[in-house]
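2 protein chains.
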Amino acid sequence: MILYINMNEQRILAVEANNKIDEEVLIKGFLQRIRLHGKVAFFDLRDRSGIIQVVTTDEKVIAELGSLQVQSVVEFKGRVKERGERYKNANLPTGNIEIEITSDFEVLSKAAEMPFDMGVEELNLQLPTLLDYRTLVLRNKKIADIFRVQASILKGFRQAAESKNAIEIVVPTISASATEGGAEVFPVKYYDYDAYLTQSPQLYKQMMVPIFERVYTIAHAYRAEPSVTTRHLSENTQMDMEIGFVQFSELLDILEQVIVDTLKFAEEENKEILSDFRIKEIAFGSIPRLKLSEAQEIIYKEFGRDVRGEKDLGSQDEVDICEWALKNHNSDLVTITHFPTFKRAFYTMPDPDDQELSLSFDILFRGVEISSGSQRISDYNQLIEAIKSRGMNPDNFALYLQAFLYGMPAEGGFSFGLERITMHMLNLANVREASLFPRDMERVDVRLKKNQQKES
Amino acid sequence: MILYINMNEQRILAVEANNKIDEEVLIKGFLQRIRLHGKVAFFDLRDRSGIIQVVTTDEKVIAELGSLQVQSVVEFKGRVKERGERYKNANLPTGNIEIEITSDFEVLSKAAEMPFDMGVEELNLQLPTLLDYRTLVLRNKKIADIFRVQASILKGFRQAAESKNAIEIVVPTISASATEGGAEVFPVKYYDYDAYLTQSPQLYKQMMVPIFERVYTIAHAYRAEPSVTTRHLSENTQMDMEIGFVQFSELLDILEQVIVDTLKFAEEENKEILSDFRIKEIAFGSIPRLKLSEAQEIIYKEFGRDVRGEKDLGSQDEVDICEWALKNHNSDLVTITHFPTFKRAFYTMPDPDDQELSLSFDILFRGVEISSGSQRISDYNQLIEAIKSRGMNPDNFALYLQAFLYGMPAEGGFSFGLERITMHMLNLANVREASLFPRDMERVDVRLKKNQQKES
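Keeping their order, the protein sequence lines are chains F and R.
Residue numbering for the first sequence follows the working numbering, beginning at 3 and increasing consecutively.
Residue numbering for the second sequence follows the working numbering, beginning at 3 and increasing consecutively.
This is chain F alone, in the form it adopts within the complex (with noise of 0.2 angstroms):
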């Protein structure tokens, strides 16, 4: 939560106004809701803190307000009032006071008139309009509310990775090959040569272990993925975290630390919306740890649909088992590891018992991947033939590859895919409405055109 605190000497702002009850002040904000009443009138004022109710009984001022549309933004004074009794609203942080007009009503912006109706608590758009007007819907309570978590999990997460000694480093976006291989990449016409955009931060956190030993970055990351669902973005947000000197086991107990640590942090900054959302209280019982075989077992034992042997979960197995884990071990966090070594990147290290199997884990949480990452492959020789024998060319990694050469302890980490929390934290439908301006085949900012489309 922050605590609103006004800068200005002269403008209160909206929450402030619970102190200055009969004093007359000055005020700024967006008509958020007019309701006209002859010879009354009253508005909704929103500024940065809150919404307070504002009413008067002036003439002019009252004509001004039919012809103005709302979102326009006004300044005023006014006298601070307690609310009648019966008019007292318990569910409102200024719902004890309204403010009467007293002078000076200004108009600083008008507003063009609304494509739909911005009055109401809940929009209920459907995703297009949501994104087309998305500078308009935002200001919606509940909108922006979305962005407030997921500046509390962006803070949250900076404060678990400091806590376990984590240095925060920047890494670079523009990179000189297509290196993780896998997912599709963007290029970028780089001054006269080709270069391509970062699917992640990746190979530049690794390298940073024989420094740091213990680094976190927050980075964007691309992904040309030609496809339209509801889970990916083509650019979003990752929190990374590697670690030097690191087991397996005791890389799995950093990771639990730190997305608890995250969430609670979170959950803690932002109880009002997420009562709002009508959210349950995140479970954090144990979380419990299971090989990816252990929960196909589970999952056919407890719901009798049978998905062992399969190289990963399902969408509705990460649904099965996050219930399961629920129920028993009453925990919304559910670790899985030893997933197929050909299933993960080349620099997972494979199970030294079983070198089909690699140490390797995601996080789900209420039904979903919210993380992945493993131990990784820390010997340079090792490293080298893991490359080779996806079919890439070590020489592109030249740069990665040297800090191998020069001394690596062993080392893991991961990786939070900060709007997929953000979502899963709020329930919400599409992982686009956790993102202030999603990117997609379809979409940046304004939908693509076919005239926009490349002659070539």
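Treat the hints with care, since some could be wrong.
Identical chains blur together in the list; that is why a pair holds if it fits in one copy or across any two.
Claimed, not checked - DSSO-like mimics (lysine-lysine), calculated; alpha carbons at most 30 angstroms apart, straight line:
id : residue 1 : residue 2
1  : K166      : K79
2  : K166      : K273
3  : K303      : K166
4  : K390      : K451
5  : K313      : K144
6  : K345      : K313
7  : K345      : K143
8  : K157      : K144
9  : K112      : K390
10 : K282      : K303
11 : K166      : K143
Calculated from the structure, these hints are not laboratory results.
Knowing the structure of chain F, use the given hints to seat chain R on it.
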């Protein structure tokens, strides 16, 4: 300063040994320096907390040490001992102790032969070598320290922005059009469409003003400038803030408070590093605010160079005016305002008293510009005219303009260059030294080679 806390029950960190005198401890790290003296051998062990001296008379260990390259990773048990008085080193946090190996000396990772001597305090390498061996040279404390300071700058900025009620936002870096004009952009092949890397988070942070009033973001910015100077990176990190309901003088107040708070935090957290770099304490006297023309007048009077009427400050002007500010106002910072309107971006508000000049500003720090910003045009129609007057098409700004169409208060903001601040806090010769992985015309991790060049 990071408080180094060890999370591993067995391993202790170098600095923790200070509290373990006469105890046997498990320790892990990198061989930073090896000194063999016949029947006794010493080495410096480096871990994330620092360096500790290790001594051994064990013949087997000495033989093994003789065959190892520095930067190899080792673990062993040893007894912590107080050094004899004449061997104590007051300059080292572990200078009163050393560890004598007792047993279990294990080599975790063998380093290859060093391309240059890594056992010295100052590497004194040329920039291309610093970058060609990036992952190796960063193992030198003094070079890694640059990025400890950088992490503090990031943290200090976030705290400063949050203390002003700004909320963190995440903005995209892929844009559908080359929106800001001016500097060159990098094209991205975005599925079947043409897109571009954003030159700054500018337009997105402005769009958030009607929602959160005060926002900040730490974002990558891309400039395809075809020049290789010591001051420019093709991909850099901006610390941006944008503030609604603000007029020019209050905006300058916030700007100056944020940079002062950021620098003070970074200075406080890194006293030892700044002392190692022989950096004087930052002078935070009172920051002079000068119009460009006033600064030019001072340069003419005090330094005898007539740059009056020039449209911007040159490099020497920046140096001179900072010298003047330090001498006359005990300030390493100077705020310069009122640059010519046509020299600044389209969204810059012209001065109502003189449309040829703008309500824009730069902050200079120790002879170089580290920040710029302005009061913005917040009127929809005026903004459209400004876009057209620069020969750009308002259609390419559809979502941006939407924010202004539906009510926008007076607003302004600013941006700090993270790498530039790092560079000038530490008096580095080249901004590339202040980026872990600098991108420029000639390098993306490795030097770009002709045969990587596009065949087009």
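Here is how each hint holds up against the structure:
{"no.": "1", "hint": "K166 - K79", "result": "between (50 angstroms within a copy, 24 angstroms between copies)"}
{"no.": "2", "hint": "K166 - K273", "result": "both (26 angstroms within a copy, 23 angstroms between copies)"}
{"no.": "3", "hint": "K303 - K166", "result": "neither (38 angstroms within a copy, 55 angstroms between copies)"}
{"no.": "4", "hint": "K390 - K451", "result": "between (41 angstroms within a copy, 23 angstroms between copies)"}
{"no.": "5", "hint": "K313 - K144", "result": "neither (39 angstroms within a copy, 47 angstroms between copies)"}
{"no.": "6", "hint": "K345 - K313", "result": "within (7 angstroms within a copy, 59 angstroms between copies)"}
{"no.": "7", "hint": "K345 - K143", "result": "neither (42 angstroms within a copy, 38 angstroms between copies)"}
{"no.": "8", "hint": "K157 - K144", "result": "both (20 angstroms within a copy, 29 angstroms between copies)"}
{"no.": "9", "hint": "K112 - K390", "result": "between (62 angstroms within a copy, 22 angstroms between copies)"}
{"no.": "10", "hint": "K282 - K303", "result": "within (28 angstroms within a copy, 69 angstroms between copies)"}
{"no.": "11", "hint": "K166 - K143", "result": "between (35 angstroms within a copy, 21 angstroms between copies)"}
Comparing the model with each numbered hint stated earlier shows that hints 3, 5, 7 do not hold.
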